[in-house]
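Chains A, B and C, in that order, are what the protein sequence lines are. Take 1 as the starting number for the first sequence in the numbering used here and just add one per residue. Take 323 as the starting number for the second sequence in the numbering used here and just add one per residue. Take 587 as the starting number for the third sequence in the numbering used here and just add one per residue.
Among the hints, erroneous ones may be present.
In the DSS-like style, the derived pairs of lysine-lysine whose C-alpha atoms are separated by at most 30 angstroms in a straight line are [stated by the list, open to error]:
hint : chain 1 : residue 1 : chain 2 : residue 2
1    : C       : Lys-736   : B       : Lys-562
2    : C       : Lys-736   : B       : Lys-433
3    : A       : Lys-198   : A       : Lys-233
4    : A       : Lys-64    : A       : Lys-292
5    : C       : Lys-670   : B       : Lys-433
6    : A       : Lys-28    : A       : Lys-61
7    : A       : Lys-212   : A       : Lys-46
8    : A       : Lys-61    : A       : Lys-275
9    : A       : Lys-108   : A       : Lys-61
I should point out that these hints are in silico values taken from the structure, not numbers from a laboratory. From a predicted model like this one, the values you see are computed outputs, not experimental measurements.
So the chains spell out like this:
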Amino acid sequence: MIAQRMGFAALAAAVSLGFSTLAVAADKHVAITQIVEHPALDAVRKGVKDVLAEAGYIEGKGLKWSFESAQGNAATAAQIAKKFAGDAPDVIVAIATPSAQTVVANTKTIPVVFSAVTDPVGAKLVSDAMHPGKNVTGVTDMTPIAAHMALVKRVVPNAKRLGVISNPGEANSVSLVTLIEAEAPKAGMSVVVAAATKSGEVLAAARSLVGKVDAIYIPTDNTVVSAFEAVVKVGNEAGIAVLAGDTDSVKRGAVAAAGFNYYDIGRQTGHMVVKILHGANPGDMAVEGVAKTDLHLNLKSAKTQGVTLSDALIGEAKDVIR
Amino acid sequence: MIEARQIAVTFNAGTPMETPAMRGIDLTIPEGDFVTVIGSNGAGKSTFLNALAGELRPDSGQILIGDQDVTAWPTAKRAGLVARVFQDPLGGSCANLTIEENLALANARGKRRGFGASVGAHLREDFRAQITRLNLGLENRLGDRMELLSGGQRQAVSLLMAAMQPMKILLLDEHTAALDPKTAAFVLELTREIVAERGLTTLMVTHSMRQALAIGNRTVMLHEGQVVLDVRDQEREGLKVEDLLHMFEKVRGEEIDDDALLLS
Amino acid sequence: MSQIAFLGAIEVGLLFALVALGVYLSFRVLQFPDLTVDGSFPLGAAVCASLIVVEVNPYLASLAAAVAGAGAGMVTAWLNVRLKILHLLASILTMIALYSINLRIMGRPNIALLGETTVFTPLEALGEAVDMPTYVVLPIALFGLVILVKLALDWFLNSEVGLAMRATGVNPRMARAQGIHTNRYILGGMALSNALVALAGALFAQSQGAADVTLGVGVIVVGLAAVIGGEAVMNTATVFRATLACIIGSILYRLAVAGALNADMLGLKAQDLNLITAVLVTLAMVLPGVRMPFRGKRKGGMTS
Numbered sequence: 001m002i003a004q005r006m007g008f009a010a011l012a013a014a015v016s017l018g019f020s021t022l023a024v025a026a027d028k029h030v031a032i033t034q035i036v037e038h039p040a041l042d043a044v045r046k047g048v049k050d051v052l053a054e055a056g057y058i059e060g061k062g063l064k065w066s067f068e069s070a071q072g073n074a075a076t077a078a079q080i081a082k083k084f085a086g087d088a089p090d091v092i093v094a095i096a097t098p099s100a101q102t103v104v105a106n107t108k109t110i111p112v113v114f115s116a117v118t119d120p121v122g123a124k125l126v127s128d129a130m131h132p133g134k135n136v137t138g139v140t141d142m143t144p145i146a147a148h149m150a151l152v153k154r155v156v157p158n159a160k161r162l163g164v165i166s167n168p169g170e171a172n173s174v175s176l177v178t179l180i181e182a183e184a185p186k187a188g189m190s191v192v193v194a195a196a197t198k199s200g201e202v203l204a205a206a207r208s209l210v211g212k213v214d215a216i217y218i219p220t221d222n223t224v225v226s227a228f229e230a231v232v233k234v235g236n237e238a239g240i241a242v243l244a245g246d247t248d249s250v251k252r253g254a255v256a257a258a259g260f261n262y263y264d265i266g267r268q269t270g271h272m273v274v275k276i277l278h279g280a281n282p283g284d285m286a287v288e289g290v291a292k293t294d295l296h297l298n299l300k301s302a303k304t305q306g307v308t309l310s311d312a313l314i315g316e317a318k319d320v321i322r
Numbered sequence: 323m324i325e326a327r328q329i330a331v332t333f334n335a336g337t338p339m340e341t342p343a344m345r346g347i348d349l350t351i352p353e354g355d356f357v358t359v360i361g362s363n364g365a366g367k368s369t370f371l372n373a374l375a376g377e378l379r380p381d382s383g384q385i386l387i388g389d390q391d392v393t394a395w396p397t398a399k400r401a402g403l404v405a406r407v408f409q410d411p412l413g414g415s416c417a418n419l420t421i422e423e424n425l426a427l428a429n430a431r432g433k434r435r436g437f438g439a440s441v442g443a444h445l446r447e448d449f450r451a452q453i454t455r456l457n458l459g460l461e462n463r464l465g466d467r468m469e470l471l472s473g474g475q476r477q478a479v480s481l482l483m484a485a486m487q488p489m490k491i492l493l494l495d496e497h498t499a500a501l502d503p504k505t506a507a508f509v510l511e512l513t514r515e516i517v518a519e520r521g522l523t524t525l526m527v528t529h530s531m532r533q534a535l536a537i538g539n540r541t542v543m544l545h546e547g548q549v550v551l552d553v554r555d556q557e558r559e560g561l562k563v564e565d566l567l568h569m570f571e572k573v574r575g576e577e578i579d580d581d582a583l584l585l586s
Numbered sequence: 587m588s589q590i591a592f593l594g595a596i597e598v599g600l601l602f603a604l605v606a607l608g609v610y611l612s613f614r615v616l617q618f619p620d621l622t623v624d625g626s627f628p629l630g631a632a633v634c635a636s637l638i639v640v641e642v643n644p645y646l647a648s649l650a651a652a653v654a655g656a657g658a659g660m661v662t663a664w665l666n667v668r669l670k671i672l673h674l675l676a677s678i679l680t681m682i683a684l685y686s687i688n689l690r691i692m693g694r695p696n697i698a699l700l701g702e703t704t705v706f707t708p709l710e711a712l713g714e715a716v717d718m719p720t721y722v723v724l725p726i727a728l729f730g731l732v733i734l735v736k737l738a739l740d741w742f743l744n745s746e747v748g749l750a751m752r753a754t755g756v757n758p759r760m761a762r763a764q765g766i767h768t769n770r771y772i773l774g775g776m777a778l779s780n781a782l783v784a785l786a787g788a789l790f791a792q793s794q795g796a797a798d799v800t801l802g803v804g805v806i807v808v809g810l811a812a813v814i815g816g817e818a819v820m821n822t823a824t825v826f827r828a829t830l831a832c833i834i835g836s837i838l839y840r841l842a843v844a845g846a847l848n849a850d851m852l853g854l855k856a857q858d859l860n861l862i863t864a865v866l867v868t869l870a871m872v873l874p875g876v877r878m879p880f881r882g883k884r885k886g887g888m889t890s
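So that you can see chain A by itself, here it is in the shape it has in the complex (with noise of 0.2 angstroms):
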């Protein structure tokens, strides 16, 4: 009697034994850092989780997720990239461009997949974003200006100059506006930019170009973006319309965005580590821009902003807001 029990309980810690040592076989590692934390980034990271527990990594549950961020302190990133290198993970995910600069400067051989570049090739993270062919690729946040360009007209048929809001501090909007301005001359429209270093500046730029612009378009800038509200109110009273890159600025009171959002880049992000864990090779994968695109409305806005939206495009939204 006590041998069988002895037996059972042998055998029950061998399977388990058995199982553990399986499941910490198959423990994968995936460290995340980015370089300040913001909603975007964050959304990124959310995005990047999600798509792994879909895919069976959750943590704690075979997947070891390690998350640190910079804090906007760039030694404290460079020595993230340095325990993230000497942790050896299955992948590394950096978000946004110094993070990732950092991270691949500290190592040739770990899988990293970055997101939320702009200009990846600029930064010198890849340079064949067709063929990275080294450890690194990812996923950027280039915004498709010139069918945003097409969206303005859309809204605002009559826009001959249009205005710009930036940070001339950021890398990504400074990139941007050098996009705006050779695509919208294409789409029949000269372009006023307007700076802001700051958030509290965000409301005089605005200002700054009531009068001399018939639309205004705000691009992934994230000192623009974070003070979205001021550009709002200004469009409002002067009867503007004010068009965003990035859709959550539609329920703030842009009359329309045909953005993508962080969250879906952070789940494009998410299916590249996927693939990695599975054995494919980074330099093998070409760099992603944004798949996803949704249309979103505000009609208020709209009304506010003195412009009529044409059935045609109401149809073909994702979010209306009324």
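Starting from the known structure of chain A, arrange chains B and C on it as the hints suggest.
This is chains B and C only, laid out in the frame that chain A set:
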């Protein structure tokens, strides 16, 4: 020879707190004179010293040292000609530098500073020999910080520092005022020795009439920014404090009522 | 803590030891609270990176960075000695101006240096040849550099000119009485201080792959933490010891950061670092009178 011609300094000019600290002071100090300067508070003693040293620029007047008009020269430029011992022992030296470093600073007064070691072995021996004569046992403490020394020791070292390099005038700014009587006497005796040894032209500001008459060959009294008494050599010999007071009353028609001046 | 994380802490610690030495020169030697470093660190990175991407020799580029830093330091000093602006304010003015200047120099907010030839490239090649990974080669090379800089600084501070500079900070009135033109020494000292910080910025950008206009955030606090931390753990009675304390303080700080990052069980995260640093620096400034049992006499605290 040092000349002060019609030096005038007014503080806070144009405000309700306007104070004429010096009103046209004329003083000629021939080489070799040891002048003591007395006066009550506000008489202009420290201001005069600061003007001579270059710490402040007079509103009008000229200062000549040797043949040079140094009126516009800042302190650092005048340092080759003027040596000074401050009243505050710690304020007159670098507290958390060592004794030998302080000596090295003084040793380079008036000279171009280069990139050689500030205190080489040769210089250290030189310092040791000099500091031994003070008989304070400091020759083995050259590496100690200045702040570790007592007030009297610091003033003695400061005197040594001031006399290290040639100068046209030695300015002593109430340098025994912060010391106890015994130590003050020691420093005063040291002063007498060093000045006599090297034949230094000296200007010593003091708050004590007794002290002023006991040392040097000439005594000048300032009152309300002007020179009111100037006695030297024969005239000065044998004078006592009461005599000075009588002379003052005669010149000014008023009595001195500064207790500190009378009683010290 | 992994080997990479440990050596990485040493590497970053040595880089910021140059910053600590610069901060020591301004704060301690000259008694000049100097926030310019928040601007001169990224200035060094900006100048160096801008030159490297147009194929200038990286050593020359790094030297140019140091010269630029010296210029920034002199501007601050000039504002103080000539225009009589309070030193702290003068340094803030320069720091603010540098933000725009750095953007102008770079032409954009971020210049990437990944894959470019840097001062470390030959060292990495050397490492490959002897089968030593980059994360080992870099700290060794930086150690050599920092020791060289330290010894040069020690020699300088013990020279006649250096002693005059120290006197300028301790007692400017007495220094002037000894013939020291204190204004010149303040200009020179601030130039040297910020040259060191700018050089550190240039080296940091080259080792971490980019010069970014935001690199300067918090540099002064880290520099102070290193200087004060070093004073807390060792006697700084002589120049040799004082500069050594800066290096040790910087490395200890970075090890503490790495420790916090790796101490999962303590629950400390990188996010908590700003608070921890602030607490550390406050404590070290508030407790100068408290004698640590294993330390000897310490150098006088900062007078305001």
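Which earlier hints can't be squared with this structure?
1 and 7
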